[in-house]
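Given the structure of chain A, go ahead and fit chain B onto it with the hints provided.
Below are the chains, spelled out letter by letter.
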Amino acid sequence: MKQIFIQTEPADLLGKAAQYKKDGYRMVQILCTRVPEGYELTYSFDKDYVMENLRVIVPLDGSVMSVTSQYWYAFVWENEIHDLFGLKVEFIAPEVDYGGKFFQLVKPMPWHELSNAKQPAAAVKVNLRPGMGVDATVKPAAAQPGTAAPKPAAPAAKPGEGGK
Amino acid sequence: MGKSTIIPFGPQHPVLPEPIHLDLELKDEKVVKAIPSIGYVHRGLEKLVEKRGFQEYVYVAERVCGICSFGHGWGYSKAVEGLMEIEIPKRAEYLRTIWHEISRLHSHLLWAGLGADALGFESLFMQCWRIRETILDIIEQTTGGRVIFSVCKVGGVRRDISDNDLKEIVKRIEKLKKEIDGIAAIFLNDETIHSRLKGVGVVSYDDIVALGAVGPTARASGVPQDYRLGDEGGAYKDLGFTPVLATEGDCFARAKVRLLELYQSIDIIKGCVENMPAGDIAVPVKGFPPAAEYFTRVEQPRGEAVYYVKGNKTKNLERFRLRTPTNANIAVLVKMLQGCDLADVPNIILTIDPCISCCER
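Chains as they are written, first to last, in this note's numbering: chain A, 1 to 164; chain B, 1001 to 1361.
Simulated from the structure, these hints should not be mistaken for lab results.
Among the hints, a few may not be true.
Said to hold, decoys possible - Capping the alpha-carbon separation at 25 Å, the derived lysine-lysine pairs in DSS-like fashion look like this:
#	chain 1	residue 1	chain 2	residue 2
1	B	Lys1033	A	Lys101
2	B	Lys1270	B	Lys1178
3	B	Lys1051	A	Lys107
4	A	Lys21	B	Lys1335
5	B	Lys1270	B	Lys1177
6	B	Lys1175	B	Lys1033
7	A	Lys2	B	Lys1153
8	A	Lys88	B	Lys1047
9	A	Lys101	B	Lys1175
10	B	Lys1286	B	Lys1051
11	B	Lys1198	B	Lys1027
Excised from the complex, chain A in its bound form:
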């Protein structure tokens, strides 16, 4: 599959999206990646099964204009990017700007932090019953009055054991 990436300034984004719409392209998706410079946004457009991607870098304290004026259905991805990454998307069509309530998440903006993919893969903290999981640690429970003392817990797996 041919890969086409076109670097674009944030100020030119809306004009280019309008041109894609005029040329009969379908918007396929918006991808957001946290990069050291801020947010890397990729807007994908498809025509006849060939995809072109506009690439925009937005600084960490910056914002990006919504493309819902051209592709109304982009509100799904724009709301998602706002809720998961914390990037402010300006002027989403008012009827579909959910103001941070699209994704019901316990932790707000869970993907705002920069990826640490270049670090060696660490064991995943698994919050399961004591003794289970690749790096589960077990604290002996305090003995209750009138009950037998708890049995010693099984040792936790050493890093690199039992997990990928």
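Coordinates of chain B only, in the frame set by chain A:
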């Protein structure tokens, strides 16, 4: 016209197999506006790519969803193969196509059962799922699993299917055709189903184009949008492919397209078996993905899914992104619900065949 009322619909609702919440703003019995919110099954699986080796992550990708699991494994593997410029053997492409179309049969039959149940046809629901059991048996026979296949890997597939088993599969799905005729006859001819689905949730061709819908939802409005037409992977190019279309754009048309796609998938599987190339099923994968990025797509049972991978010369990918068909169909769902009767909301939601686990990842 009475005053407007907000009715919460979901996340737990009898017609919803997975949780999505909609705030339905009603005036009398008419929906004026639908506000969706998701995230109840958000697991952060895209983020997990940073902590799993690129070959291991196939298993995670498959677990994005239990219905289209094979397609996700295929899409991810295809993306990494594109990134690493790996060409897989032709036999692996054909085997992937067979499993993917078996997956489509399983998904559409599951949907048909859920649709029948929502319409009050409990016996039909049972029949649809009984037929689906044969498909699950084939999956078990060829992969060892019934839901998660785990046969796709970067570089090809893990298992081969012997020629005898392939012939056996063709015999079994041929028999299924007659059984599918039985359920299709009820769906397509029953008066009650007509009155519940015809003329409900209508979306025109132009609206589908304007709303970027994908899959059977788009094809039921006459839009020939099916990535199998442009897919360079799989066997679709060799076998030739024409998408199933309808023009009415209502709930009934969406049901009809899925039912007709069952026959199409059977024909594709037969075509793959008849033209199955001999040879290897995988190539060795050496090294780590380069510092580059790659987009690819797969036509899942619910429509086009987009897979993106970004490498950084380590064993972990830096980014994996999956835009699922339900994610693309939320906009059309929001539009379809505007102006419909409250009683039609479940049918409209069901006929886009939402997969919320996929949607949230």
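> Going back to the hint list, which numbers does this structure go against?
Replying inline: Hints 6, 9 are the ones this structure does not satisfy, whereas the remaining hints hold.
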